[in-house]
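All chains should be built: construct the whole structure from the sequences, respecting the hints.
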Amino acid sequence: MSIVVTAASGNLGRLTVEALLSRGVPASEIVATSRDISRIKDFADRGVEVRRADFAESDSLPAAFEGVDKLLLISTTTPSERVANHRRAIDAAVVAGASLVAFTSMLHADTSTTSLSPTHRATEEYLRERLPSVMLRNGWYLENYTDQLPQVLQGGALVGAVGQGRISAATRADYADAAAVVLTTEGHDGKAYELGGDEAFTLTQLAAAISAATGKRIGYTDLPVDEFAQVLVDAGVPAELAQVLADADRAMSHDEMFTDSGDLRRLIGRPTTTPAEAIAAALR
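Here the sequence shown is numbered in UniProt numbering, starting from 1 and rising by one per residue.
Wrong hints could be hidden among the right ones.
Distance windows between CB atoms, simulated [as the list claims (entries may be wrong)]:
no., residue 1, residue 2, range
1, G215, P26, 23 to 29 Å
2, A122, L223, 28 to 34 Å
3, R217, L241, 28 to 34 Å
4, K216, P62, 31 to 37 Å
Hints in this document: simulated from the structure, not taken from any laboratory. In this text, all values refer to a predicted model and were calculated from it rather than measured experimentally. Beta carbons are placed, not taken as given, at the ideal position from N, Cα and C, and that holds for glycine.
Below, the structure is given as structure tokens:
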């Protein structure tokens with residue numbers, strides 16, 4: 001029986017496979033799946049079993065999930081296709097006899113007002129009805145900001161529509177460690193973990209942290225949601241994605257990406273990565 005990690009070619013999936021290996025799971029007991037297995041050949045070279053899985057192709061899933069014990073279902077990226085894709089994967093996990101499915105949902109999925117939340121709620125409901133499951137309600141990624149550092153430093157400002165909303169962000173590695181814990185320990189069935197960083201921040205505070213780390217004066221420019229969406233489009237972000245991101249900022253202005261649950265810290269057994277630590281790592 002194996003631990004299956006979907007979307008292993010993506011950032012979170014790749015880090016989760018690494019976290020499982022670090023926790024001592026034999027490579028032979030891990031199955032990494034991707035639509036394009038050439039992107040995870042390095043895992044195969046290390047003894048991890050690599051299989052092709054495309055959630056849009058039901059016929060690819062029985063072989064991909066064969067022998068599964070626990071499955072990490074990483075949320076797919078295209079909102080319009082997400083629920084159908086997830087349902088096909090869940091149905092295949094049922095047939096394969098999975099004992100537990102962990103799903104990477106979003107923070108406060110049951111109450112969130114973002115345009116992203118309905119697909120996560122629908123997946124959670126479908127999954128709960130069919131299999132023992134645990135919801136990993138991941139908060140915002142610190143990388144959503146640290147990946148922007150070159151542009152922020154060039155422009156001298158962090159731009160958004162969050163107002164003074166608090167954000168409990170953590171690194172992808174933090175969330176991957178939590179997934180690895182859930183996949184390798186017992187007692188998680190039926191849980192919904194609200195996962196976020198220990199040190200919540202506003203974007204004004206994050207701009208100040210960037211200033212402190214770089215010695216360059218960085219401010220936070222807060223815009224109306226529609227104006228922020230246009231800024232993203234002007235920067236080359238596709239219009240549909242720009243609307244999704246701007247809407248996420250709107251929700252964050254109401255603390256919808258804030259949590260003080262402590263779930264992430266307790267799962268990984270250590271403090272979460274701080275914004276200052278993530279900024280320092282990105283600047284190296």
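Results of checking the hints against the structure:
1. G215 x P26: 23 to 29 Å: Roughly 47 Å apart at Cβ, these two residues miss the hinted range, so it is violated.
2. A122 x L223: 28 to 34 Å: holds, 31 Å
3. R217 x L241: 28 to 34 Å: Because 30 Å falls inside the window, the suggested range holds.
4. K216 x P62: 31 to 37 Å: violated, 54 Å
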